[in-house]
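So the sequence lines, in the order shown, correspond to chains L and E. What the first sequence shows, in the working numbering, is residues 67 to 296, in sequence order. What the second sequence shows, in the working numbering, is residues 7 to 564, in sequence order.
Read the hints as simulated data drawn from the structure, not as lab findings. Note that the structure is predicted; figures quoted are calculated from it, not measured. The reader is advised that the hints may include incorrect statements.
Calculated lysine-lysine pairs in the DSS-like style (CA-CA distance at most 25 Å, straight line) [claimed, not checked]:
id, chain 1, residue 1, chain 2, residue 2
1, E, K50, L, K256
2, E, K418, L, K263
3, E, K10, L, K78
4, E, K191, L, K256
5, L, K212, E, K191
6, E, K50, L, K296
7, L, K286, E, K40
8, L, K287, E, K44
9, L, K269, E, K50
10, E, K202, L, K286
11, E, K10, L, K296
12, E, K44, L, K254
13, L, K206, L, K249
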Amino acid sequence: MGEHVKNVKMVKIYIMGKEYEVPEGLTIMKAMEYAGYRFIRGIGCRGGFCGACSTIYRMKNDYRLYTGLACQTTVQDGMYLVQIPFTPAEKPKYNVDELKPTGTTILSIFPEIARCVACNACTKACPQNLQVMDAIQAIKRGDLAKAAELCFDCISCGLCTIRCPAEIIHYHAFQLVRRLYGKYIAKKAKHLEERVKEILQGKYDEELEKLAKMTIDEWKKLYEERDIEK
Amino acid sequence: MSQKVGYPDYMKELIKKVEETRERRLEETFRRLKPEEKEELLRKWHPDYRPEGKRPLKIGPSRGLKVPHEVADLIEAYPLINPDEIDLSKVDYEADILIIGGGGAAASAALWANNSGIPAENILIATKLRFGDANTKMAQGGIQAADRPEDSPTRHFIDIMGGGHFANDPELVKALVRDAPFIIKWLEDMGVMFDKDEEGNMMELSGGGTSRRRLHACKDYTGLEIMRVLMDEVWNRGIRILEFSPAVELLTDENGERVTGAVLWNLETKEYYIARGKAVILATGGFGRLHIQNFPTTNHYGATMDGVVMAYRVGAKLRDLDSTQYHPTGAAYPEQIVGLLITEKCRGLGAQLVNIDGEQFIYPLEARDVVASAIIRECYGRDKGIVTPTGMRGVWLDMPMIEIIHGEGTIKRYLAAINRMFTRFGIDPTKEPVLVFPTLHYMNGGICINVNAQVLNGEGNPIKGFFAAGETTGGVHGKNRLMGNSLLEVTVYGRRAGISAAKYVKNSEYGKISLNHVKRYEKMLIEAGIPRKRKAPMLLPEYRGEKVLSRAISLFPI
Chain L
67 MGEHVKNVKM VKIYIMGKEY EVPEGLTIMK AMEYAGYRFI RGIGCRGGFC GACSTIYRMK
127 NDYRLYTGLA CQTTVQDGMY LVQIPFTPAE KPKYNVDELK PTGTTILSIF PEIARCVACN
187 ACTKACPQNL QVMDAIQAIK RGDLAKAAEL CFDCISCGLC TIRCPAEIIH YHAFQLVRRL
247 YGKYIAKKAK HLEERVKEIL QGKYDEELEK LAKMTIDEWK KLYEERDIEK
Chain E
7 MSQKVGYPDY MKELIKKVEE TRERRLEETF RRLKPEEKEE LLRKWHPDYR PEGKRPLKIG
67 PSRGLKVPHE VADLIEAYPL INPDEIDLSK VDYEADILII GGGGAAASAA LWANNSGIPA
127 ENILIATKLR FGDANTKMAQ GGIQAADRPE DSPTRHFIDI MGGGHFANDP ELVKALVRDA
187 PFIIKWLEDM GVMFDKDEEG NMMELSGGGT SRRRLHACKD YTGLEIMRVL MDEVWNRGIR
247 ILEFSPAVEL LTDENGERVT GAVLWNLETK EYYIARGKAV ILATGGFGRL HIQNFPTTNH
307 YGATMDGVVM AYRVGAKLRD LDSTQYHPTG AAYPEQIVGL LITEKCRGLG AQLVNIDGEQ
367 FIYPLEARDV VASAIIRECY GRDKGIVTPT GMRGVWLDMP MIEIIHGEGT IKRYLAAINR
427 MFTRFGIDPT KEPVLVFPTL HYMNGGICIN VNAQVLNGEG NPIKGFFAAG ETTGGVHGKN
487 RLMGNSLLEV TVYGRRAGIS AAKYVKNSEY GKISLNHVKR YEKMLIEAGI PRKRKAPMLL
547 PEYRGEKVLS RAISLFPI
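Could you put together the complete structure from these sequences and hints?
This is the structure in structure tokens:
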């Protein structure tokens with residue numbers, strides 16, 4: 067909802083260099099809206115899950131460039147900021163059914179990974195605080211399980227990719243790593259396969275058919291009488 | 007760059023009460039409510055039961071259906087476009103199957119249309135923001151499927167019917183529970199990284215109202231993990247995607263009997279496009295951004311119910327829109343994250359809901375509407391809530407219990423998103439409880455469909471060429487959805503829509519395109535005396551500051 071902030075201390079922020087006064091305590095996203103921006107780009111879930119609102123900023127008297135998600139970062143007095151609404155990066159096409167779960171597979175599709183100089187700029191840029199460089203190094207070692215674990219919380223915001231001097235497209239590579247792990251390295255759930263088979267054989271058809279035709283009172287009775295697993 | 011907030015001193019004092027009772031509560035199970043107690047609690051405290059919040063629809067196939075004012079204001083509204091100003095003689099995009107929307111249902115539909123023999127280049131996904139910008143990505147806790155030996159699809163069926171107050175369409179529920187294990191297998195085969203033990207068994211938890219542990223999760227990024235795999239696969243196959251181009255109106259043949267395309271609007275260049283499809287699949291999601299009864303929401307920026315508005319103009323029947331899901335545990339502190347989702351998985355892992363005295367007041371895994379009502383009662387009926395510095399009320403969700411029950415590190419490992427969300431603001435959920443209050447989460451009702459995902463008209467017959475799936479539809483969840491059944495719904499019914507549409511287009515040509523149905527709807531609006539200023543679909547919510555809005559003028563000519 068619109069911000070109904072009264073008697074709140076105001077802070078000065080600089081949106082692409084232009085000064086605006088906004089209430090303190092707002093997220094960068096809400097502060098920009100307060101200032102009058104209506105977003106089309108640089109916005110998505112507003113909850114830290116989609117990576118659409120990558121933002122870079124600097125503070126007064128501080129040479130460092132900071133990164134954050136506009137929906138998860140609070141404005142501070144003297145913040146100079148700009149959103150990165152898009153990361154230009156081609157997503158290579160592949161057929162996971164035809165791939166082998168090895169580091170070589172990933173390097174053949176994303177050869178620039180071999181150029182990693184271990185500068186750690188990616189890790190520093192990650193708004194999720196992931197060990198991005200370690201994940202890249204794990205791919206180089208062929209340890210896909212480790213890489214998949216390290217990159218699991220990636221939201222594809224692209225900030226690492228923008229900062230990388232080796233021009234690696236981390237988030238696309240990570241997607242492939244996770245799929246290969248999930249498909250080939252993690253063990254399959256046998257109970258799942260079993261159940262799918264039973265259903266295809268029609269094991270539950272008759273009972274489901276009967277259930278679907280019951281009256282509300284019959285459903286109620288079954289519902290109230292059902293045992294509940296701890 | 008850190009900007010930690012943490013709890014103010016007075017809240018830290020209150021947390022001591024929670025800590026004092028924790029050891030005792032670890033042994034304590036709050037009793038489940040009897041059916042009549044649940045009914046009473048809902049009637050008195052659930053926002054749906056406030057009669058002043060709703061009104062009956064005045065026009066259309068669902069005339070008389072009571073819906074929230076915010077919904078009625080969009081359904082009883084004039085089109086954004088003037089049908090006479092749209093040039094239908096030039097078609098910009100053509101596809102066998104036109105899919106409107108960009109979330110889990112749209113992606114599943116696209117993949118299964120392709121699996122059913124429709125070439126990737128003959129499938130077009132048109133979506134409002136980026137492909138993948140949808141509530142699917144934000145789902146945290148899990149996806150249900152009865153795949154353990156102790157469980158069965160029939161149990162899943164009964165849990166859903168009871169959770170939905172027996173108002174669900176049993177045929178839709180039957181298809182959902184029957185398809186569920188197959189869908190999990192499909193996702194597993196594509197490489198979705200489900201939480202598993204070393205043997206490969208799914209680690210499954212209970213959700214509110216489930217009688218068996220059947221929630222499959224990928225930490226608390228379940229929706230993100232599923233969505234990004236679906237997206238990757240859509241991209242790999244070369245299915246066409248048109249982003250930042252929401253549909254603003256559907257197209258029908260001259261008699262309005264078949265859906266034949268859509269008018270899209272490029273959000274960036276402001277031009278419209280005519281898109282034609284032999285079949286159209288609507289997968290536009292729900293209505294969180296309408297902020298029903300002024301609640302904050304867990305939903306993504308584009309959740310404005312556009313599909314329901316457009317489908318109703320074509321003559322689709324609606325159902326169960328009188329019921330809205332408020333997720334019991336939205337963040338209530340700090341202010342920056344108010345309304346954001348704190349997954350039910352926390353309660354599945356043992357976190358209890360606790361009032362200002364450090365006492366439980368509800369069994370934590372009752373169905374969502376019941377738990378939400380109990381929290382509202384605790385805060386506003388019994389005055390046992392905790393008041394935040396900005397005047398909001400909430401109750402504690404005792405997160406540290408999870409670490410005690412399942413061992414240190416559980417939160418970081420299995421609730422990484424929640425852990426991250428709070429530590430960003432100086433709160434450590436492994437050591438401190440978090441403050442929660444219900445938040446607008448889900449559109450329980452929506453467009454009527456059958457098991458083949460065909461959209462139904464007022465007489466209950468399928469509208470030709472028209473399919474829908476996901477949150478935009480109603481019937482699967484009745485009056486209240488259970489946790490883990492929305493990720494299941496988007497994949498099950500997205501798939502069904504894709505397969506049905508593929509079958510349909512194999513025997514059909516492109517239809518004629520017109521906006522005649524819109525003109526007819528406009529006439530009904532005028533006759534019903536609907537105020538002219540009301541326009542829909544909403545496309546995006548308005549959050550600009552009041553001062554800016556009061557002085558904003560448009561100077562550029564079009």
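Sort out which numbered hints this structure fails and list those numbers smallest first. 1, 2, 6, 9, 10, 11 and 12
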